[in-house]
Amino acid sequence: MCCGKRKRNSDVVDPKAKAKPSKVVPAPDPVEPDPVKKVDLEAGLVDLKPPVPPPKLLPKGDEESVKEPVPVPVEPIKELPAEDVAPPHRELPVAVIEQVAPPRLRPGYTVTIDETYVVELERTSVASRWGFVWDVDSLRNNFSRVVNHVATRSIAADWNDNHPGKGIARGDMLVTVNGKSGRLELLTMELGRNSICCEFKPAVHVN
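The numbering used here numbers the first residue of the sequence shown as 1 and each following residue consecutively.
Calculated directly from the structure, the hints in this document are not laboratory data.
Hints are supplied without guarantee of correctness; some may be wrong.
[As the list claims (entries may be wrong)] Taking lysine-lysine pairs in the DSSO-like style, the calculated list, with each CA pair at most 30 Å apart, reads: (1) K180 x K166; (2) K180 x K201; (3) K166 x K201.
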């Protein structure tokens with residue numbers, strides 16, 4: 001009687017038996033890691049999203065300036081007195097603007113020379129007339145202002161009393177007013193101011 005253990009049929013290996021081929025499972029394709037995630041993982045970050053910058057804090061005292069606009073001081077517009085502003089030019093008859101002498105008083109026997117003299121006059125209101133009485137024929141025919149005479153008790157008459165050496169005389173022709181010359185309308189507009197500087201060409205009476 002054998003005291004050794006008996007081998008089971010399952011423990012006996014047949015040398016002639018062929019080994020069954022094992023099933024080969026293909027390995028998955030290698031996946032390239034996201035470069036951004038790779039950098040984040042190497043840095044040891046947990047949140048892969050870029051950090052949000054904190055809100056910009058305003059210095060103390062600027063909160064109110066953001067809520068309410070700062071008012072900008074506006075310099076008030078200075079209005080000139082009515083006396084210093086020239087009245088608007090209107091196409092009015094010459095007789096309405098200044099006194100005009102009748103044609104029969106025209107000094108037709110005068111000759112104007114090249115020398116000039118200056119007259120400076122001032123008034124407080126446009127209601128005060130200068131006192132120039134112009135020759136109507138010179139206005140209509142030659143478009144020039146030639147003095148026929150100076151009205152009594154006027155601003156121009158006071159000038160003649162205070163300046164006998166260069167008074168305004170009959171036949172003198174107005175050349176410039178406040179440095180303006182040329183068109184008759186331009187001279188008329190300057191004569192409407194309260195301060196005028198007139199340049200006259202004196203006339204020489206031949207008889």
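Inset, instruction - Tell me, in ascending order, the numbers of any earlier hints that this structure violates. - result: none
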